[in-house]
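> Residue numbers for the sequence shown, in mature numbering (1 follows the signal peptide of the UniProt record, and there is no 0): -20 to -1, 1 to 231.
Hint data in this document are derived by calculation from the structure and do not stem from the laboratory.
Hints are not guaranteed to be accurate.
What the hints assert, rightly or not - For lysine to any residue, the following SDA-like pairs were computed, each having C-alpha atoms within a straight-line distance of at most 20 angstroms: (1) 161 with 147; (2) 147 with 93; (3) 100 with 60; (4) 203 with 159; (5) 194 with 147; (6) 93 with 34; (7) 157 with 73; (8) 194 with 168.
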Amino acid sequence: MKLKHLSLCMGLVVAGSASAQIKYRDTEKKPTLVPYDSSIAFQHLTPDIAQLTLVGQEITFLKLNPKRGVKNKEDSLLENIKVKAAIEVPYKSVLRGGHLYTPYKAIENKTFKIVDYDRKSAESGEVTLVFTLRDEDRKLLLYQVSADNLAGTPVIINGNYEWMKRKYVGKQLHLLKENIKTTNILADNKDLNLRQSDEFCCTDIAVIFSGKQKFGQPFLIVKNGENEEFAVGLGKRSEYVTGPLIEEFGL
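Start from the sequences, fold in the hints, and give me the full structure.
This is the structure in structure tokens:
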């Protein structure tokens, strides 16, 4: 009888061991998260940046282009900036057409600290970045921007701006490839010929209002051997339509 019970127990152990050998694998590829570092501009945030590593960073909303025609009294009315509260209402809201909006003037050239950051995906696949910001009066607000619209976002991460100054200002630059013909936005977009044999010196970083674009953008201010001053864009061609780009230069 005891032997029979022992056999039964052994059978259960074997069955349990067999079931424990079953393996499962998830085929969904998950990105390896990396911490944010100040070399990354707001416009280039990617899904692999660990969300909480942006917490504590300060951001500034760029000024509107004063040369651009004003379309309405507030110039820009945003529905995606809201006070974080039980009932969400836009930050420093104005009433227009039965809806509350945030005038861009309320946040223009203002600095906010990121106190929370999240990414939300809709069923359509669209990804929205949601930043909880705190102003100097410690008022919390939400800033939501589509991941597809990052390139045109009028925001500078202050730490990134300081990183660019340390990296480029006072440094010698040179063209990486052959001579290029481009334009100089500091001189009404006149033709500018840059030679690979020349060395260029970065003297400053400044936000420039060019053409009819709505917001200013940060540029490197560079001088060539002939002491001619021109501006170099710090992003991609989709962000900087005219003039040379930093990707064409090396230190």
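> Of all the hints numbered above, which does this structure not satisfy? Sort the numbers upward.
Violated hints (numbers, rising): 1, 2, 5, 7; every other hint is consistent with the structure.
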